[in-house]
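From first to last, the protein sequence lines are chains A and B. Under our numbering, think of the first position of the first sequence as 1, with each following residue one higher. Under our numbering, think of the first position of the second sequence as 1001, with each following residue one higher.
Keep in mind that the hints were calculated from the coordinates and are not lab data. It cannot be assumed that every hint is accurate.
To be verified - Sample of chain B residues at the chain A side, in silico, Cβ under 10 Å:
{"no.": "1", "residue": "L1003"}
{"no.": "2", "residue": "Q1067"}
{"no.": "3", "residue": "S1075"}
{"no.": "4", "residue": "P1076"}
{"no.": "5", "residue": "G1087"}
{"no.": "6", "residue": "V1089"}
{"no.": "7", "residue": "N1091"}
{"no.": "8", "residue": "D1102"}
{"no.": "9", "residue": "A1111"}
{"no.": "10", "residue": "Q1112"}
{"no.": "11", "residue": "L1122"}
{"no.": "12", "residue": "S1132"}
{"no.": "13", "residue": "E1133"}
{"no.": "14", "residue": "N1135"}
Stated by the list, open to error - Here are the simulated DSSO-like cross-link-like pairs (lysine-lysine), alpha carbons at most 30 Å apart as the crow flies:
{"no.": "15", "chain 1": "B", "residue 1": "K1103", "chain 2": "A", "residue 2": "K263"}
{"no.": "16", "chain 1": "B", "residue 1": "K1103", "chain 2": "A", "residue 2": "K135"}
{"no.": "17", "chain 1": "B", "residue 1": "K1103", "chain 2": "A", "residue 2": "K491"}
Every residue, glycine too, gets a C-beta built ideally from N, C-alpha and C.
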Amino acid sequence: MGNHASVNRRLSVFALLLVLLVSALGIRLVDYQIVRADEIRAESLESRKETRTLTALRGDIRDANGEVLARTVFRYDINAAPKNVGPVIRYMDGNRTEISVEAAADELARVLGLAPEEVLSKLAGESAYSNLAKKVDATVYNQIRELDIPWIYWDRFAYRLYPNGAVAGNVLGFVSSDGTPLAGLERQYNTCLAGVDGQETYERSAEGVRIPTSNVVTQPTQDGGNLNLSIDSNLQFFAQQVLAKSVSDLNAEWGSAIVVEVKTGRILAAAEAPTVDPNDPGASKAQDRGSRIMQFAFEPGSIMKSLSTAMVLDSKSATIYETVNSPDRLQLKYGESIKDSFNHEPFQLTLAGVLRYSSNTGMYSFGMRVDEKTRFNYLQKFGFGKTTDLNFEGESSGILRPYDEWQYADRYTHLFGQGVAVTPLQMAFAYQALANEGVRLSPSLVDSCVTPSGEVIYSPERKSTRVISEEAANMNLQLMEKVVEFGGVGKLAGIPGYRVAGKTGTAEIREGAGYGERFAISFFGVAPVEDPRFVVGVTIYKPVGETNSVKATGPFRSIMQQALKHYRVPPSTSKPRDDIPSNRFGKTGE
Amino acid sequence: MKLMMLSANEAKKLRPGLLTGLLLVMGIILVQLVQLGLNMALTQDAYYLSKLSGEKRQLATEVQIIQEQVDSLASPQNLADAANRLGMVANPSSVLIDIVNDKIYGVPRPAQAQSSAASANLVANSAMVSVSEFNPATVASAQVETSVAESALNGSQVTLVAGQIPASPTR
């Protein structure tokens, strides 16, 4: 019995200890598994977890035909860890080969286009980072990977590529090396183009190896939208080629050409020379990196006369048959005088004749029939003196002083394009109004912004302004047609098979208190007259030795002809009206 | 707790059945094996997924390389240079055919070699990584292969009557 009691007691003590032990473990287990479970799990995860930014891709910029003008690609910085540099072991057909550091450096140098000594110097030392090459493309990156050198690693980053280089570069703008938009549409439409970077976490093993399937996307990426432009890159390139040649031949400071679709206000080409290759903006001078078409205002000269005749017609201040006496110099009563660009006997000019001979004196006589306030209102409606709805960054409003501040020559010089400063964009859209039955449309460079899911998040608001009556606009176009039909210089703008209307301009350029010896020569025109499709405006600034606009008509003709051909516009089937008097005697014909 | 004295028979009855124990152990082993199998399959798939992700990245890189080459070859700068090298001439006059009304608009004019020769590229493009390699010699050799088809076409050349599209025999 005593033995049994002793066994029972020992068993009871053992059972009690067992219970205590199990209880202790149980409490610990509950503590670990339930009470502090989240904390421990988080602590454990933290020790293994790595966070990585997922780069969102900036959207493409595309032309009117969907051709990519700007896209995001990847570039690579190739780096080495000098502290790990050593011979490279490779297995070829099962045979182990050891490549010396010098031989590996030689291979790297060949792929990266560097001198072997340069690579070797970058591999020296005990640091964990040494950059061998920056911004290499995917071809080089692949070649580097194939070398399979364990102490070489790379950083991949998004890079903005402009496949067509400087085609529309002045409009596209560019981004900095870190992807920040700095100019042009890249900057203006950044909210459309920029994506939102995402974030993911993944786990690493004790050896530092990434654990497959451990990645968790904590913030999904949102790629940027695509910006679809109205620019036609083929026409744009053609215009840039023409301009580049003209500017070079004429030793001019710059040239610009704009092509506008009359019925929509879409800008099909906004070409400039010199311009900027957005892939390498640093290669261009600072003043060539923007867009002069939108940002540069100048006194336009005689291309303004088409608008002045339109004011006269619309206000019914004269008919197309009335003539005015137009001497080559007109003495004004307060001591000033107006002079035509060439000496001539007094002409009897109609409105068409004023345009055909580009007579300042004739334009003065007709234009002064319209009161100052009315003329100012017309100029405002044509879009001068304020920026357009394009809202292009840095866009100039030009200069148009209020009519009640006009003094002396201000009262009339705007009739032939002095005393008022306009951008090529403003002038092109004033001509667009003439061609569009008197209605000026708001210019547009962007057709839409579309998200990767296909949602259209931006499309331009098309505003229109009635400037002059339909009747006056159509008649004015036919007056302008006489410039191309009979004008000495304007004739050179003619395109076989098409009815073309336009106006020459040889504008003096202000220097200090007076005007300098070099000019801004222009030709702005419309075709076909019977059903206007395009406005083309060409300006060449400060060509050397040019005192008339002959050298602007050639580029105009080439670009307009290309636009008509490119868009399959049928040649005109009607003839210019032959009952509009335009010669120096106020009669019809030559 | 209480300890009791039992006979051998009674103890035998209380002993768990061997079969039950065996089934239990087998069951546990089976569950472990299934779990092991599933883990292996999952791990295998994870590595396969990782391999596929790597391949996808590699293919994306290949696509980028090819895309950049296509961009360069298709760029207007390359085409202008190629056209210029080949001595191509642009014809600025356009002649259009209105199929609906059987009309021809415009007057066909031969291109002028001097005035409208394609200009070499004047517009910068530092993104060009590839350029077209053909030249008059390579084009001439390519023409040898097409000469038969061209001569057949020349034989059936249609002469245009002014302002009218010749009636097609197929309609």
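Taking the hints in turn, this is what the structure says about them:
1. L1003: 6 Å, holds
2. Q1067: 8 Å, holds
3. S1075: 5 Å, holds
4. P1076: Interface hint status for B:P1076: holds (4 Å vs cutoff 10 Å).
5. G1087: 17 Å, violated
6. V1089: Violated, because the Cβ-Cβ distance from B:V1089 to chain A comes to roughly 14 Å (cut-off 10 Å).
7. N1091: Holds - the Cβ of B:N1091 comes within 10 Å of chain A, reaching about 9 Å at its closest.
8. D1102: Violated: closest Cβ of chain A sits about 14 Å from B:D1102, beyond 10 Å.
9. A1111: 12 Å, violated
10. Q1112: With a closest approach of 12 Å, the B:Q1112 hint is violated.
11. L1122: It holds, given that the least Cβ distance between B:L1122 and chain A is near 4 Å, below 10 Å.
12. S1132: 15 Å, violated
13. E1133: 17 Å, violated
14. N1135: 21 Å, violated
15. B:K1103 x A:K263: 26 Å, holds
16. B:K1103 x A:K135: 56 Å, violated
17. B:K1103 x A:K491: Holds, at about 28 Å.
When the structure is compared with the earlier hints, violations turn up for hints 5, 6, 8, 9, 10, 12, 13, 14 and 16 and for no others.
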